[in-house]
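Trainee: One-letter residues, chain by chain:
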Amino acid sequence: MAELTKQDIGRFLARQGILVAFVVFMIAFALANPRFLAVDNIFGVIRSSAILGVMALGVTFVVIGGNLDLSVGSMMSFSTIVVLDLHDKLGPTLAIPAMFAMTLALGAFIGFLVGYLKLNSLIVTLGMLSAIHGLTLTYSGGKNMDIADKEGTWFAVIGQGSIAGIPVPILLFAGLAIVLSMMLGKTPFGRKVYAVGGNGTAATFSGVPRARVVFMTYMISAFCVATAGMMQASRSLGSQNTVGQGMELEVLAAVILGGASLLGGSGTIFKTVIGVLILGFIQNGLLLVGLEFYVQYVVTWVIIILAVWLDIAAKRGRLLSPIA
Amino acid sequence: MNKEILLKQGGIWAFILVELIFFTVAGNFLSTSDKSFMDFDNMLLLLKQSAPIGIIALGMTIVMINGNIDLSVGATFALSAIVLLDSMTWPFMKEMGDWSIPLAWAFALATGTVLGAINGLIVWKTGVDAFIVTLGSMLGFRGLVFMYNGEQPTSHLNWTLVDFAEAQFLGLHTATWFLLGAALLLWLLMTKTVHGRNAYAIGNNREAAVNAGIRVGPHFLINFMLIGFLASLSAVVFYSESGSVNPNDGMLYELWAITAVVLGGTKLTGGYGSIVSTLGGVIAIQLLRKGLGHIGADTETVNLVIGLILIAVLFLDKQLNRKGKEELKV
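Each protein sequence line maps, in turn, to chains X and D. Under my numbering, the first residue of the first sequence carries the number 1, and numbering increases by one thereafter. Under my numbering, the first residue of the second sequence carries the number 1, and numbering increases by one thereafter.
Since the hints were derived computationally from the structure, they do not count as laboratory data. What you are looking at is a predicted structure, and each value in this text was computed from that prediction instead of being measured. A virtual CB, placed ideally from N, CA and C, is assigned to each residue, including glycine. Check the hints yourself; a few may be wrong.
Label-pair restraints from in silico Cβ distances [as the list claims (entries may be wrong)]: (1) D:Gln319 with X:Leu291: 35 to 41 Å; (2) D:Asn28 with X:Leu171: 56 to 62 Å; (3) D:Phe169 with X:Gln240: 39 to 45 Å; (4) D:Asp39 with X:Val157: 55 to 61 Å; (5) D:Ala208 with X:Ser206: 28 to 34 Å; (6) X:Asn199 with D:Asn205: 17 to 23 Å; (7) X:Gln245 with D:Val114: 27 to 33 Å; (8) X:Gly44 with D:Leu17: 55 to 61 Å; (9) X:Val23 with D:Asn205: 41 to 47 Å; (10) D:Gln319 with X:Gln240: 36 to 42 Å; (11) X:Gly142 with D:Asp41: 48 to 54 Å.
What the simulated footprint calls covered on chain D by chain X, stretch by stretch (three residues with Cβ under 8 Å from a Cβ of chain X suffice, anywhere in the stretch; the number is not a length) [to be verified]: (12) 119-131; (13) 250-260; (14) 295-305.
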């Protein structure tokens, strides 16, 4: 048993820094305001993080596969608007699968471009961010979308209801997180995602079908976005057509905060969930302490930079970069 | 080889020509107004409207040539605008009368430069990828914007300033002059100076550049300071005229700027790109926006079309490169 040196402790802090920071924040906020750790507050935070969280789960797959997805924000607007529109035309039982099919078709298109045509994912999804935004506006005619009969529909249960005292959005978030975590950590497909993101060339030579794996990561991302859109639509039963605008970067912030490398090949679902929760609890904690909502932006900035910096500093063994 | 360069750099201008012809012809059949699309005033206005995104896109070009990216320009834009308008209401500035204008401009430009320097220093000293650093500061700077004045809009109209911003010199609007002037200076910087040459070298092959004795960090820092400066210059030009800024202004500007730069053919991986082509990319986007409006299409379709064109350009670029490489092998 080697002795714990100062360096080891430093390395542990840097590696698990995100968990340590999470615990420190929780304790600090709990001391500042006892309401912070009340059960209804915790449920409230997770519930309001759930939509962002579900999207982050899908993006985690894409990022581990070595790509980016900047289109999730406008795709979420799209699925929200579509499901609200179809709700009144087809009824909820048909509207949900129809919306999932349309969102998955968009995901398939992106997956085809990035996976099979090997186009740069940043630009493709940037283009799709704009294109899907235009599609949504054209679809809705630029108007907001509302459900006519807000009282009499069971659709509201998805975003507003609760089962056995636990809000449904939390159950959806947790359920999806568990399923996707198993998929990423315990199945051959999950290992292939890591392989493709870690070293695409090596993976190809080992017989991993790179194109198909990348395609599938975008399908998973689209599926998560569709779920998030459904939750958003059900929560408010009406929506602006820009509801997801800007979320792509917040989602990415949560994924990076969880420790996934943008170069691909590393990250886990569990860590992403921690990243999402940190963002949510910081926001909530700062509000409870009495600060305005925008203070969280600045705090998030500092935390993201510190988290990534410490992570790579631990890997290279020195704090400052070797850049001359 | 020369043919290839011509094909790549000429591509965006050919695209602009196609747009002009298409919208002029289609406009004859579809347009509801009597004015022709190629109307001279219309074109002048187009240049003016391209200025805010255009000036930012110029800065994005040099950062991307370095192999970096800056996602925080929208927030820098907003914060500089607030400093510009708010500083003119400070008591000592009020006493100075119209002399406060150049000072307010200086404050705003300094704000942008400092924010850029913060990004540049973090990228340099921590070695964290510029994408992550500026993603963080995009949030952080936006937080600063809100902390300055809460959720209230910041407004201050100075009529001398408005007159200046609306003035036309030799037919071109003030904003257009700033766009063209900035483009000229940056073009000189990137093609005629050591800094420009080194910036290309670093983006092309960082290892090789380091081995050749080029100090990477300072060049990063300079380019980030320049894009910060240009983001605030864009704000100065735009808000001198409008006189009111919302804390959400400038959101998604980074994505528009990147789109224009990529349309102009600059590589995300660095080492390749040109200021002049970016100017083409900016004009092409604005032309599309105006043209679709001219032929009576919903303004909403603009986003759809731009997005698809961006992907198509990427695809064509890939095909061109592949062909070039195959020729090289033979």
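Trainee: Quick check on a hinted range of 36 to 42 Å for D:Gln319 and X:Gln240, using CB atoms only.
Mentor: 39 Å, holds
Trainee: Apply the coverage criterion to the segment 250-260 of chain D and chain X: a residue qualifies when its Cβ sits closer than 8 Å to a Cβ of the chain, and three qualifying residues are needed.
Mentor: Holds: 5 residues of the segment 250-260 of chain D have a Cβ under 8 Å from chain X.
Trainee: If you check the beta carbons of D:Phe169 and X:Gln240, does the distance land in 39 to 45 Å?
Mentor: 42 Å, holds
Trainee: Are there at least three residues in the segment 119-131 of chain D whose beta carbon sits under 8 Å from a beta carbon of chain X?
Mentor: n = 8 at 8 Å, threshold three: holds.
Trainee: Within 27 to 33 Å or not, the Cβ separation of X:Gln245 and D:Val114?
Mentor: Given about 28 Å between the Cβ atoms, the range holds.
Trainee: Could you say whether the range 35 to 41 Å given as a hint is met by the Cβ separation of D:Gln319 and X:Leu291?
Mentor: With a Cβ separation near 52 Å, D:Gln319 and X:Leu291 fall outside 35 to 41 Å, so the hint is violated.
Trainee: If I claimed the Cβ atoms of X:Gly44 and D:Leu17 lie 55 to 61 Å apart, would that claim hold in this structure?
Mentor: Since X:Gly44 and D:Leu17 have Cβ atoms about 57 Å apart, the given range 55 to 61 Å holds.
Trainee: That 41 to 47 Å hint for X:Val23 and D:Asn205 (C-beta), does it hold up?
Mentor: 43 Å, holds
Trainee: That 48 to 54 Å hint for X:Gly142 and D:Asp41 (C-beta), does it hold up?
Mentor: 28 Å, violated
Trainee: Please check whether X:Asn199 and D:Asn205 have a Cβ separation lying inside 17 to 23 Å.
Mentor: Cβ of X:Asn199 to Cβ of D:Asn205: about 20 Å, so the range 17 to 23 Å holds.
Trainee: I want to verify a distance hint. Is the separation of the beta carbons of D:Asp39 and X:Val157 within 55 to 61 Å?
Mentor: 56 Å, holds
Trainee: According to a criterion of three or more residues whose C-beta lies within less than 8 Å of a C-beta of chain X, is the segment 295-305 of chain D covered?
Mentor: holds (count 7)
Hints 1, 11 from the list above are not met by this structure, while the remaining hints are.
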